[in-house]
Amino acid sequence: MSRVCELTGKKAMVGNNVSHAMNKTKRTFDANLIKKRFFIPEEDKWITLKISTSALKTINKIGISAALKEARTKGFIK
Numbered sequence: 137m138s139r140v141c142e143l144t145g146k147k148a149m150v151g152n153n154v155s156h157a158m159n160k161t162k163r164t165f166d167a168n169l170i171k172k173r174f175f176i177p178e179e180d181k182w183i184t185l186k187i188s189t190s191a192l193k194t195i196n197k198i199g200i201s202a203a204l205k206e207a208r209t210k211g212f213i214k
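Under this note's numbering, the first residue of the sequence shown carries the number 137, and numbering increases by one thereafter.
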């Protein structure tokens, strides 16, 4: 599976490792992802999402239903 947040679309970035001698080598900065189960009361079922930790904070703030609705409008969820 790809390392992409299912709610926000966050994915790995590309950057450089920089040594003290200023030598640069390519590296990736992966998104901080976790697998989490949520209960959707409107549909009366559990879903498992791979989300970033910042998306988890958003869910805690606005609720899972509002976060899913927002992700659908942005096109991250069908």
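Don't read these hints as lab results, they were simulated from the structure. Some clues are possibly wrong.
Unchecked claim - Listed next, the in silico DSSO-like pairs over lysine-lysine satisfying Cα-Cα at most 30 Å (straight line):
1) Lys172 <-> Lys214
2) Lys160 <-> Lys205
3) Lys197 <-> Lys186
4) Lys172 <-> Lys197
5) Lys160 <-> Lys146
6) Lys146 <-> Lys197
7) Lys172 <-> Lys193
8) Lys210 <-> Lys197
9) Lys181 <-> Lys193
10) Lys172 <-> Lys160
11) Lys162 <-> Lys214
12) Lys147 <-> Lys186
Evaluated hints:
no.	hint	in the structure
1	Lys172 <-> Lys214	holds (19 Å)
2	Lys160 <-> Lys205	violated (42 Å)
3	Lys197 <-> Lys186	holds (18 Å)
4	Lys172 <-> Lys197	holds (16 Å)
5	Lys160 <-> Lys146	holds (25 Å)
6	Lys146 <-> Lys197	holds (19 Å)
7	Lys172 <-> Lys193	holds (12 Å)
8	Lys210 <-> Lys197	holds (19 Å)
9	Lys181 <-> Lys193	holds (21 Å)
10	Lys172 <-> Lys160	violated (36 Å)
11	Lys162 <-> Lys214	violated (34 Å)
12	Lys147 <-> Lys186	holds (12 Å)
Hints 2, 10 and 11 from the list above are not met by this structure, while the remaining hints are.
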